[in-house]
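S.K.: Input sequences plus hints: build the corresponding full structure.
Residue-level listing of the chains:
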Amino acid sequence: MAQLTMVQAINQALAEEMARDERIVLLGEDVGRDGGVFRVTEGLQERFGSERVIDTPLSESGIVGAAIGMAAYGLRPVAEIQFLGFIYAALDQLYTHAARLRTRSRGRYTCPLVVRTPYGGGIKAPELHEESSEALLCHLPGIKVVVPSGPCSAKGLLLAAMRDPDPVIFLEPTRLYRMFREEVPDGDVTIPLGRARIARPGQDVTLVAWGSMLERVLKTDSPHSLEVIDPQTLTPFDWETLLTSVKKTGRLVIVHEAVKTGGLGAEIAATVAEEAILHLRGPVLRVTAPDVVLPLPRLIDSYLPTGQQIRTAIDEIMRY
Amino acid sequence: MPEEICATVEVRRLSVLAADGSVDEALMPPLAEGDIRRMYELMVLTRTFDQRAVALQREGRLGTYPPSLGQEAAQVGSAFALQPEDWLFPSFRELGVQLTCGYPIQQIFQYWSGDERGQQAPPSLNIFPVCVSVGTHIPHAVGAALAARYRRDPVAVAAWFGDGATSKGDFHEGFNMAGVFRLPLVFICQNNQWAISVPLSSQTAAATLAQKALAYGFPGVQVDGNDVFAVYRATHDALLKARSGDGPTFIECLTYRVADHTTSDDAGRYRSAEEVAVWSARDPLQRLEKYMERRGIWSEAYAREARQLATSAIDAAVVAMEAVVAPDPADMFTHTWAAPGQRQMRQRKGA
Ligand SMILES: Cc1ncc(C[n+]2csc(CCOP(=O)(O)OP(=O)(O)O)c2C)c(N)n1
Ligand SMILES: [Mg+2]
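Going line by line, the protein sequences match chains P and W.
Using my numbering, the final residue of the first sequence is 332, and nothing's skipped along the way.
Using my numbering, the final residue of the second sequence is 1839, and nothing's skipped along the way.
Please keep in mind that the hints were generated in silico from the structure rather than gathered at the bench.
Warning: the hint list may mix true and false statements.
With a cut-off of at most 20 Å between alpha-carbon atoms, the simulated SDA-like pairs for lysine to any residue come out as follows [as the list claims (entries may be wrong)]:
#1 W:Lys1837 to P:Thr115
#2 P:Lys136 to P:Asp313
#3 W:Lys1656 to P:Phe98
#4 W:Lys1656 to P:Tyr107
#5 W:Lys1656 to P:Pro69
#6 W:Lys1656 to P:Gly134
#7 W:Lys1656 to W:Pro1611
#8 P:Lys231 to P:Gly134
#9 P:Lys259 to W:Arg1831
#10 W:Lys1656 to P:Leu70
#11 W:Lys1656 to P:Thr108
#12 W:Lys1729 to W:Gln1571
#13 W:Lys1837 to P:Glu286
M.R.: In structure tokens form, the structure reads like this:
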């Protein structure tokens, strides 16, 4: 047991699982000798060799495509896309193949791979290094999308992702990489995929947020009793936990740093409207980024949802 | 400092079997008489299936179908060189490859009839489902080869694709990785001169497709794709090289798509009857027949028998395909994930 940052917790999960399961092979740009641009894979190539931690050419579609072939062959590849903003070239492989291989081959081939990628804003990085396009990935049956919100959940969810029989995209909120430490137990602490976590129990308002927005929500002080839900897995979403909470509180605020239109918040709001509208006391509110191209760091604070906006939404919904 | 030549491109074209049925003995691969007969019979089977599939589509009994007419030598000749434990990554126009490796004929029909169960390869074959998204399967072959090497399995991996696929990014990304990692791979391009209506000259400004491999650090060879012995030999040699750790090879088979792109296409809109006639005269099956006749292992009676055998295999497969119980709608949910999510479970109840 040690106090670890999220970067260290992910590194530990990878190292422990590689030691346990020789099918795990890492591949990506700069993941080996350099230990990854965020040092998430630091020391792993030294320890496990260059056949298990493969430095690839700069080739996003090739990395994910090769991982698909490796997974079908019987390995458990963990591919890194250096930043979510560079995954778009690999979306074809994810949409066309990773998501569909089990179906297309009627179960003859499966695709147990993990694509890890740093995502999210607020790290003063260049263009395309702060995207949060998770909704694109959630509109894709056949792929699971997982977002940890701290060191413990990062380790537990990543272990589960590496053991999952299907493709998992693991979005690592860069703003949280080194923001805080948690006691992270050694060994098997898997957190099952598809299950939400009640990050804080409460009575008055349900707030749902993931990744780095969860941290922001938890820091928001409010006189009201907030029930904060961390979905952990965005697909498949744990609707039961969310609906149970909303039926209890009668109020829902969704916070995400992705743009509003077509964001995952829309799906959550629609589901609550379908299945719990008679329990609601007021409208479902969304606190999101505006529908604009993600700005460079000078304006990122005006783009990302703020604590003040979250507080305002809570106050507004409490009027009902 | 003078300017120096720091790289040159050299591409060879291999042909073994001439139009008159004679062979270059020095280049002729060591094939037993039985192997040659088997190749011939597989090419006959491919053509028989192909004709039947087009006919069935016209009768509304199959969906859209992409014919292989004219490409039988390139398909059968390359697949014939493989070992049973090798991994195969076909495109969508690889009927002869599927038949050569023993893919159940009924399932091939089933797939083209719109039933996904046709794509479930039997456990004894390491063949991927046909790939409709052009060229996107090339990186999968790279990954399988990486995995095979990691496991120390003595297998080779082969991927087939068309001339159109060579313009795709995944061709570049896959070839580049194959070269960098020196993988046990054989890439086989069916250069059939057309990608729907786009002729090769509009697909690339390069003199050959084969030379593209050189830029990725491994050899590319061109072969007469209507010469089953040349295709077999190039593939056989490339596989030997792959298995002995000497890296990938790219084989460009010069052939021709004699039929329409698919049963939904009308090639008369974009190419001349003269061009089709020129290539039809280079028919790969007739060329092999001439060789076999010279060698005394072909007769009208034998050919009739081969066609009859193929026809009865096809007849039986069509009957079996049409007798298959329609897929259950709940089947859509079976393989999305190993275990369905909360929402899928509810949706399945309503399916
Ligand atoms: C990525 C992609 N783009 C477009 C298509 C539509 N399409 C199907 S086949 C084809 C031409 C393919 O040409 P080629 O690679 O030469 O193979 P061939 O059809 O000649 O066997 C096109 C454009 C597709 N299936 N996939
Ligand atoms: Mg073509």
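S.K.: Run every hint past the structure and note whether it holds.
M.R.: To see whether the hints hold, each was checked on the structure:
no., hint, verdict
1, W:Lys1837 to P:Thr115, "19 Å, holds"
2, P:Lys136 to P:Asp313, "10 Å, holds"
3, W:Lys1656 to P:Phe98, "18 Å, holds"
4, W:Lys1656 to P:Tyr107, "17 Å, holds"
5, W:Lys1656 to P:Pro69, "17 Å, holds"
6, W:Lys1656 to P:Gly134, "35 Å, violated"
7, W:Lys1656 to W:Pro1611, "31 Å, violated"
8, P:Lys231 to P:Gly134, "16 Å, holds"
9, P:Lys259 to W:Arg1831, "18 Å, holds"
10, W:Lys1656 to P:Leu70, "16 Å, holds"
11, W:Lys1656 to P:Thr108, "15 Å, holds"
12, W:Lys1729 to W:Gln1571, "14 Å, holds"
13, W:Lys1837 to P:Glu286, "18 Å, holds"
Hint violations for this structure: numbers 6 and 7, all remaining hints satisfied.
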